[in-house]
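Q: Taking the numbering used here, the leading residue of the sequence shown gets 226, the next gets one more, and so forth.
What the hints contain is simulated information worked out from the structure, not anything from laboratory work. Ideal placement from N, C-alpha and C gives every residue a C-beta, glycine not left out.
In silico DSS-like cross-links for lysine-lysine, where the CA-CA straight-line distance does not exceed 27 Å:
hint, residue 1, residue 2
1, K370, K350
2, K333, K350
3, K300, K349
4, K370, K349
Quick list of the computed label-pair ranges, beta carbon to beta carbon:
hint, residue 1, residue 2, range
5, G278, G331, 32 to 42 Å
6, L423, K370, 41 to 51 Å
7, T363, D422, 40 to 50 Å
8, Q245, N329, 35 to 45 Å
9, Q361, R445, 37 to 47 Å
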Amino acid sequence: EYEDNDLTYIYRKEMKEINQWINEADLNYLMLINSNTDVDLSERRLRRYFTRGSFESGGRLFGGFWQELKKEQRKNIIIDDEEAVSLDYSQMGPRILYGLCDINPGTKDCYRIPGYERYRNGVKKVFNAMTFADNQMTRFPKGVKQMFKEGTGFQEVSDTIQTFHSGIAHKFNIGIGHYLQYLESQILIKVLLGLKDLGIHALPIHDAVVVGRAWVDMSRQLMEQVFL
226 EYEDNDLTYI
236 YRKEMKEINQ
246 WINEADLNYL
256 MLINSNTDVD
266 LSERRLRRYF
276 TRGSFESGGR
286 LFGGFWQELK
296 KEQRKNIIID
306 DEEAVSLDYS
316 QMGPRILYGL
326 CDINPGTKDC
336 YRIPGYERYR
346 NGVKKVFNAM
356 TFADNQMTRF
366 PKGVKQMFKE
376 GTGFQEVSDT
386 IQTFHSGIAH
396 KFNIGIGHYL
406 QYLESQILIK
416 VLLGLKDLGI
426 HALPIHDAVV
436 VGRAWVDMSR
446 QLMEQVFL
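Given these sequences and hints, build the entire structure.
A: Spelled out as structure tokens, the structure:
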């Protein structure tokens, strides 16, 4: 439970504006023959979920039918007579964290660690787990150990990541991931409202938006401006 204040009124106004705009979009779905995918085009109402009893924690949007679809299936969405294209922010968490620390990452891929190039997906899982952990982690998150070479220990991976990202290592294991997710959600809200001002219908997926192909360049440019 919470008391409404100026901030919650703003958040609610933004969500109403976004939901109304998405509701006005001409959406279709190219259902494949013999497909068992159940797509309800009317399921468009988004809700913003905050976490840990704070309006600066979490904040991601949930509820749209497109969020339940696999990446390949989203290509079957038609937005205002245009085929759908997904535009996502690459390495959103690490880049926001570097930004908070006022440091240039110095690498194009924050998850490609020397010596672990073949295990990028595993490194990504460990990196993000360490941003959400409240205390020093001592073991791999569930299902992640198998993503590394047999015999690889968690401490070895953790130490390598923190050495490679020494400039932000002090931000690991203090639970900052929830705040990073909030900043990510703030960016997405601004992107959606900015696209609305441009007359572009967009469907959000946490750190990405799905837009019609005709509006890819304008959307990408706005996403970069908002993030910076």
